[in-house]
Each structure stands twice: as structure tokens, then as C-alpha cells.
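There are 2 protein chains.
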Amino acid sequence: MGPGPINADPRVLRAMSAQLVGQYDPAMTAYMTETMGLYRQVFKTQNEQTLLIDGTSRAGIEAAMVSMIEPGDRVLVPVFGRFGHLLREIAERCGAEVHVIEAEWGTVFTPEQIEAAIIQTQPKILAVVHGDTSTTMAQPLDELGAICRAHDVIFYTDVTASLAGNTFEADAWGLDAVTAGLQKCLAGPSGSAPATFSAKAVDLVNSRKSIEAGIRSEGDEVTATPIRSNYFDLAMIFDYWGVKRLNHHTEATTMLYGSRECARLLVEEGIDEAVERHRMHGGAMLEGLRGLGLTIFGDESHKMNNVTAVFIPDGVSGDAVRGELLDDFGIEIGTSFGPLHGKVWRIGTMGYNARKDTVLTTLSALEQVLRRAGANVVGGSGVRAAYDFYASESGGPVAAATPEVAPALAESLAL
Amino acid sequence: MGPGPINADPRVLRAMSAQLVGQYDPAMTAYMTETMGLYRQVFKTQNEQTLLIDGTSRAGIEAAMVSMIEPGDRVLVPVFGRFGHLLREIAERCGAEVHVIEAEWGTVFTPEQIEAAIIQTQPKILAVVHGDTSTTMAQPLDELGAICRAHDVIFYTDVTASLAGNTFEADAWGLDAVTAGLQKCLAGPSGSAPATFSAKAVDLVNSRKSIEAGIRSEGDEVTATPIRSNYFDLAMIFDYWGVKRLNHHTEATTMLYGSRECARLLVEEGIDEAVERHRMHGGAMLEGLRGLGLTIFGDESHKMNNVTAVFIPDGVSGDAVRGELLDDFGIEIGTSFGPLHGKVWRIGTMGYNARKDTVLTTLSALEQVLRRAGANVVGGSGVRAAYDFYASESGGPVAAATPEVAPALAESLAL
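Protein chains in written order, with full-length UniProt numbering: chain A, 1 to 415; chain B, 1 to 415.
No wet-lab data here; the hints were simulated from the structure.
In this text, all values refer to a predicted model and were calculated from it rather than measured experimentally.
Hints may be right or wrong, so weigh each one.
Said to hold, decoys possible - Straight-line C-alpha distance at most 16 Å; calculated EDC-like pairs for lysine to aspartate or glutamate:
hint, chain 1, residue 1, chain 2, residue 2
1, B, K209, A, E92
2, A, K209, B, E92
3, A, K124, A, D152
4, A, K244, A, E102
5, A, K209, B, E89
6, B, K209, A, E89
Said to hold, decoys possible - Output of the computed footprint for chain A on chain B, the stretches with three or more beta carbons under 8 Å from beta carbons of chain A:
hint, stretch
7, 8 to 17
8, 22 to 33
9, 254 to 262
10, 375 to 383
Stated by the list, open to error - Negatives, chain B to chain A, calculated, CB over 10 Å:
hint, residue
11, R93
12, A117
13, S301
Ideal placement from N, C-alpha and C gives every residue a C-beta, glycine not left out.
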């Protein structure tokens with residue numbers, strides 16, 4: 001029940017135990033093509049170039065950036081958590097001139113703030129994470145596509161932490177490049193990075209391929225520079241996944257099986273239905289945590305559905321509570337990075353773990369562990385609040401109001 | 001039965017269906033540490049930095065190169081097949097000044113040829129593939145370590161196509177960096193790249209980390225340049241796999257399980273015993289193919305145990321034979337790349353498929369398909385030759401000599 005990776009859906013693991021087929025076996029290339037179609041539905045896009053990068057979600061980010069960024073390009077990175085810093089770091093390694101704007105952790109940017117920075121820095125690319133798991137915040141992206149188009153900016157986002165747990169629409173929101181990973185709401189293991197690229201992004205990437213192929217000698221004006229990576233050369237990866245089937249790396253067959261199954265299950269459930277499931281169980285977890293007397297971190301109106309951060313109460317050892325939950329109850333929760341390290345716990349309700357039983361089990365166990373840590377917890381207060389939330393969601397009668405409101409734990413510790 | 005990827009060992013696939021654990025769960029970090037130890041045995045090394053790169057074998061190559069090569073560095077690449085060209089291509093993308101020597105496909109280099117090129121080009125790094133699957137040749141490496149030490153050259157090899165099917169000794173041969181993949185003799189799926197780095201290579205890589213960390217401002221003389229990739233930054237990956245456990249990417253848990261099981265099975269069998277198994281079944285396949293009247297491609301004295309290339313007989317459609325084998329018999333064999341495309345078939349006997357039953361079944365089926373393609377094949381000639389080879393290996397009585405030697409297929413076609 002941490003911020004991910006979490007338990008994989010058993011059906012994904014079963015799919016990954018299927019025997020391998022050859023790299024160019026018609027069954028294999030058919031799986032690849034089918035996977036492209038499934039991820040178009042997950043990303044809500046018509047983009048032809050919708051495929052997998054063979055590596056973790058970070059590999060997807062680097063493939064998008066190294067293939068689109070030419071050394072010296074200006075890239076604007078709005079940073080509102082750790083993974084914004086990662087985008088900045090990777091853009092710098094690609095040789096970009098990176099401009100950063102920062103929002104306090106636990107908040108997001110307004111579209112106006114981002115447009116002002118675009119006007120000021122005139123970037124070629126806007127690179128922003130959708131959900132930054134480190135703060136649990138989701139940056140609204142729906143108005144940024146139009147702003148990027150107006151200023152002729154390539155619009156890139158990473159949705160590893162948010163996809164399938166929060167509304168996301170690649171085409172409607174005007175995205176040019178989107179990367180993701182399996183280990184959050186997609187309910188799979190880390191190691192495959194679904195990604196999609198608009199025609200504009202594909203043109204940019206392919207313009208850099210033509211140099212490599214030796215077009216330079218034909219007297220064309222050279223404006224593009226070769227892509228610095230072979231493994232992450234999207235122009236080559238497009239040709240591998242496309243009708244040309246030009247050999248590149250040897251596709252990671254088992255991860256392909258897993259990625260395909262993650263998407264198949266989501267499409268079967270319905271993408272909107274999956275988001276709604278995350279909203280419901282995430283809401284129950286949040287109310288349950290509040291019921292236990294914990295204080296929610298960050299701007300709740302921009303929180304992702306699938307992960308909730310709460311302040312660790314004064315006097316309680318965050319690591320000791322996490323250790324006892326893991327060792328004695330078999331339940332993992334996380335802390336966070338940088339300024340939030342040791343200050344908050346992050347509790348996920350995502351993918352296969354976005355379920356009523358996992359929410360109630362976690363709240364039950366956390367109550368016990370908090371009590372043993374010396375907190376004056378009202379018995380049943382977390383589980384009751386979650387039940388109340390579920391009841392209000394289903395339109396049924398809400399249980400009687402909790403007779404005693406748990407005082408803030410920070411004030412009630414008897415250590 | 002192609003040149004890889006081939007069928008994975010079912011035990012590897014079962015290991016990959018295990019449920020995930022958290023990134024810093026003590027069970028997970030223990031698996032990582034255990035995997036390092038297992039691969040030290042597979043590579044025959046004492047190198048502390050023996051770990052997995054999260055991507056296909058090509059990712060391992062790029063991680064080694066981008067972390068060791070600084071722009072402008074001279075790199076010597078002896079090329080004797082397609083994958084030598086890949087090393088050249090990746091080194092160029094890293095900004096190296098690449099020097100190439102080429103051997104005719106189907107041959108390898110003498111140590112003297114490589115030393116002469118080292119003396120002439122004075123490279124920082126010698127990068128050479130051990131086995132080049134495109135030609136089935138294995139470059140002898142055992143004398144190159146001493147040559148590299150004498151000339152202060154970093155010695156790097158990729159053993160994806162050869163490891164565990166052919167003798168390899170990282171430390172005894174003086175290797176500084178070695179990368180591999182699972183999809184050949186390791187009997188796993190593509191998607192994880194085991195790799196090992198000597199103290200000298202680690203020092204080189206870590207010298208480039210210190211610049212990033214801001215040492216530059218302390219007035220030290222700057223000789224190193226930052227690593228261009230984040231995902232493939234070995235300095236960060238060392239700190240992730242090491243005692244510091246500094247967060248980098250989210251380890252690909254399922255691929256880790258698979259990689260660990262591949263190594264565990266090899267260690268259980270014995271590395272030398274696994275090589276011997278590949279030698280035996282590869283030898284039976286080679287003799288069986290010759291028994292069918294096919295001509296072996298390349299220098300047999302330097303052929304890898306685990307893959308055999310044979311010329312496609314004149315008048316026979318290589319693709320039609322491969323298609324019939326796959327569609328009607330469920331057996332895949334390969335062709336090759338570049339100058340060998342459509343001229344040879346490549347037939348593997350590796351990993352889980354290095355077995356007597358797979359050898360005999362493949363020879364049986366190939367006999368039938370060749371006959372239907374119009375070849376005048378002597379019934380049973382391939383299987384008999386394989387049986388004879390097995391009998392000679394076991395010291396038992398060799399079957400009576402084949403009464404009729406199959407004439408070369410090229411001469412006997414009745415199309």
C-alpha cells in the first residue's frame with residue numbers, strides 16, 4: 001500500500017509466465033501491434049506511434065527527451081516535486097538549456113503561471129510531470145495544450161504516477177509526447193514504459209534520423225543533430241514497431257506480455273471506470289486517515305486519487321511505524337523524498353490494490369500500530385470514516401456520526 | 001531453435017510470476033544482493049560491481065559505453081560481424097573517436113592484429129564482442145587482457161551471444177567491463193542486462209560522478225566530463241545496488257526475479273557443465289546439419305558452441321523453408337544480417353533448447369522440409385549423424401557408418 005511499486009494484478013503475472021516466441025514470429029509482431037492499439041485507448045489518443053520503451057518509466061522519460069532535445073534547445077520544466085527535478089536533470093544531460101519554475105511542494109501551477117514562463121523563456125519544449133508522486137499532486141494539464149500550440153511549444157508530460165488512476169486525455173489536452181510506467185495504477189511490474197507521440201513529435205524525431213542516414217551529403221540544409229542514444233533512438237524504435245519492422249533491440253517479450261495484459265485489463269474494465277475506482281477507494285483511504293486523526297498533506301483539490309500523504313505526528317517515529325506495519329502486518333507504506341523525507345507517510349490505493357478490503361485492512365492495521373506507538377487513537381475511527389465514505393458514495397445511509405472525533409494525534413500522544 | 005531469443009526455461013518463467021515486493025523491502029534488496037553474487041559466479045569474477053541494467057542486452061552495452069566514454073575519447077572496435085558495427089555505432093553516439101578494424105565475416109582476429117591496432121590508434125578503450133551471433137564466431141579474448149594492460153587500455157566486451165555456452169572468464173582474461181543479456185544461453189527473456197565492472201572501470205565511472213556532485217567548485221583539476229545519460233549512469237546505478245541504496249530508477253522486479261533464476265539455475269548446474277552441455281548439443285547439431293548435406297559457414301575452429309550457420313543451398317528458398325518449419329512443425333530457425341541475409345540459416349542450440357530431443361526433432365523436421373523443397377536428401381542422414389556424434393561423445397559404440405553419404409544439396413536439387 002505504498003506509493004508504488006505495488007502488488008501486480010495476478011492476471012498480469014500469469015500473462016508474464018507465458019512461453020516466449022521468436023522476435024519476428026507473426027504471433028510476436030501481432031502482440032506488438034495489438035499492444036499499440038490497447039495503449040491508444042489507455043492514453044486516449046489516435047497517435048500511430050504508441051508503443052513501449054524497454055526499460056523502467058525513467059527509460060521512457062529519457063527516450064522522449066534524448067530523441068526530442070537537441071543540445072542547446074531551451075526546455076521549460078515546471079517543478080512541483082521530486083520528479084520535476086528528474087525531468088530537469090535528464091534534460092540537462094541531453095544538453096538542453098533548462099529553465100525551471102518552482103511551486104511549493106504540495107501545490108501546483110496555474111496555467112497563467114506556466115504561460116508567463118513560456119513567454120519569458122521561449123522554450124522549444126515544455127516538460128512537466130502530470131502527477132508527482134513525491135507530493136501526491138496532479139498538475140492540471142487540460143489548458144496547457146492550447147497554450148503550447150499558441151506559442152509553438154512541444155508539450156511533453158510523464159504520467160507514470162497518475163495514468164489510469166486520474167483523468168488523462170492525451171489528444172484532447174494537446175499532448176505531443178507522453179510517457180508512463182506499469183508499476184502504479186496499471187497494476188504491473190516496473191520495467192516497461194508505454195509512450196505515445198503526436199505527428200508533430202514524430203516529425204521532430206524523424207528529422208534527426210535523416211541526418212544519420214546520410215541525407216547531409218545530398219546538400220539539404222542541416223538543422224537537426226543526430227540523437228545521442230542508440231537504445232533510446234525513437235526514430236529507430238518507430239521503425240521497429242512500425243510496418244518496416246527494422247531490427248533494433250530484441251523486444252523484451254515477457255515485459256511486452258505484461259504491458260499488454262495491463263492495458264487489456266484496463267480496457268476491459270473501461271478507462272473511466274478505472275479512474276472512478278481509484279477516486280472511490282482513494283477517497284475512502286483519505287477519509288479513513290483523517291478519521292484516525294492524521295492531517296492530510298498538500299492541496300487536496302489537486303491531489304491524485306491514488307496516493308495520499310499524511311503528516312507523521314510529532315513524537316511518532318515514521319520509520320518505526322512503517323517497519324512494524326511491514327514486519328508484523330505485511331503492509332508496506334512509504335515516506336517521501338527531499339523536504340518531505342521523514343515528515344509524511346505516503347499511502348497508495350492503486351492498481352490491483354485499489355480495493356475496499358485493502359483500504360479497510362490498512363486502516364485497521366495502522367490504527368493498531370499508531371496505538372502501540374503511543375497515540376491516543378479512538379478505536380475504529382479510521383475504518384468507520386472509510387465505511388461512511390463508501391456509504392455516502394453508494395447513496396446508502398451513512399452510519400451514525402462518529403461519537404468522538406479523534407483529537408489531532410499530535411496533541412494526544414502519551415509518549 | 002533460432003539464434004535467440006529462444007524458449008525460456010519454464011523455471012525462469014515461474015520465478016517471474018511471483019508477486020512483487022516493495023522497492024526497499026528487505027526481501028527485495030536481499031534479492032538484489034544475492035543476484036550480484038550469482039552473477040559473479042556466472043561471469044567468473046570477484047568484481048564488487050556486478051549487477052543488472054534494466055533493459056535489453058543493448059541497454060547494457062550503452063550503459064557501459066556512455067558511462068566510460070567521454071566525448072573525444074579514442075575507442076578501438078574490432079568488427080567481425082553485425083554486433084561489432086553496433087558497438088561502433090553506440091561509441092560514436094557517445095562522442096568517441098572510433099577506430100575500426102574489420103575481419104571478413106566468418107573469421108576472427110589474431111591477438112597480434114588487435115595489438116597492432118592498439119599500438120597504432122592508442123585507444124582509451126578496446127570494445128569487442130565476444131561472440132557475434134550474426135556470424136556465429138567467437139573472438140578469442142584470453143590473450144587480450146594482458147595486451148590491454150600493457151598498453152593501459154580499458155578492456156570491454158559484450159558476451160550476450162556467448163555467455164554460459166562458451167568458456168568465459170572475466171577476471172582471468174583481464175576484462176574491465178562485461179555486458180550480457182538473458183535471451184541466449186542464460187535461458188531467460190530479453191529485458192535485463194547482467195554486467196560486471198572491474199575496480200579500474202569503476203574508478204573511471206566514479207570520476208565522472210564527482211563532477212556532477214559539484215566537486216568542480218572545490219578547485220580540483222577537472223579531467224572528467226559528466227555522464228550524458230541519467231538512466232544509464234553507472235555511477236548512480238552502483239550507488240543504487242550498493243550499500244548506499246540511493247534511489248535511482250525503480251528496479252524492474254519481475255525481470256530481477258527472472259535474471260536471478262537464470263543465474264541460480266546455471267550455478268546449480270555448474271558453469272563449466274553448462275558450457276559442456278552447449279558444446280555437446282551444438283556439436284550434434286553441426287554434425288547433423290552436415291549429415292543432411294549442408295555446408296557449414298565460417299571458421300569452425302572459432303565457432304560458438306550454441307549457434308551454427310549453414311549455407312542455404314542454391315535453388316532453395318530460405319524464407320520458404322523457415323516458414324514451413326515454423327508454420328507446420330512449430331520450429332523457428334533464423335537467417336542473418338547484412339552480407340549473410342538470405343544466404344545462411346542460423347540454428348541455435350542454447351539455453352533451455354540445448355537438449356538432445358530438440359536437436360533430433362529439428363534435424364528430423366528440417367529433413368522433411370528440405371525434401372519438400374526439392375532437395376534429394378538421404379532419409380535419416382541428419383539424425384544418424386547426430387546420433388553418431390552423441391555415441392562418440394559418450395564413448396559408446398558408434399553406429400555403423402552411414403551407407404550413403406548425402407551429396408552436397410546444392411548439386412542434388414531436382415527443382
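Each hint tested on the structure:
Straight-line distance between C-alpha atoms of B:K209 and A:E92 comes to about 15 Å, which keeps the hinted pair within the 16 Å bound. Between A:K209 and B:E92 the alpha-carbon distance is near 15 Å, which keeps this suggested pair within the 16 Å criterion. This hinted pair checks out: A:K124 and A:D152 have alpha carbons roughly 8 Å apart, not beyond 16 Å. Under the criterion of a C-alpha separation no larger than 16 Å, the hint pairing A:K244 with A:E102 is inconsistent with the structure, at around 43 Å.
Simply put, A:K209 and B:E89 have alpha-carbon atoms about 14 Å apart, close enough for the 16 Å limit, and the pair holds. At most 16 Å may separate the alpha-carbon atoms for a hinted pair to count; B:K209 and A:E89 meet this at roughly 14 Å. Counting residues of the stretch 8 to 17 of chain B whose C-beta sits closer than 8 Å to any C-beta of chain A gives 6, which meets the bar of three, so the coverage hint holds. Interface restraint, the stretch 22 to 33 of chain B with chain A: holds (3 residues with C-beta to C-beta distance below 8 Å; minimum three).
Judged by the Cβ-Cβ criterion of 8 Å, the stretch 254 to 262 of chain B is covered by chain A as claimed, because 3 of its residues qualify and three suffice. Beta-carbon proximity to chain A at under 8 Å applies to 0 residues in the stretch 375 to 383 of chain B; the threshold of 3 is not reached and the given coverage is violated. Some Cβ of chain A comes within 10 Å of the Cβ of B:R93; the nearest lies about 5 Å off, and the non-interface call is violated. Listed as outside the interface, B:A117 is consistent with that label: its C-beta sits roughly 23 Å from the nearest C-beta of chain A, beyond the 10 Å cut-off.
Against the 10 Å criterion, B:S301 stays outside the reach of chain A, whose nearest CB is about 28 Å from its own CB.
Of the numbered hints stated above, those contradicted by the structure are hints 4, 10 and 11, listed in ascending order.
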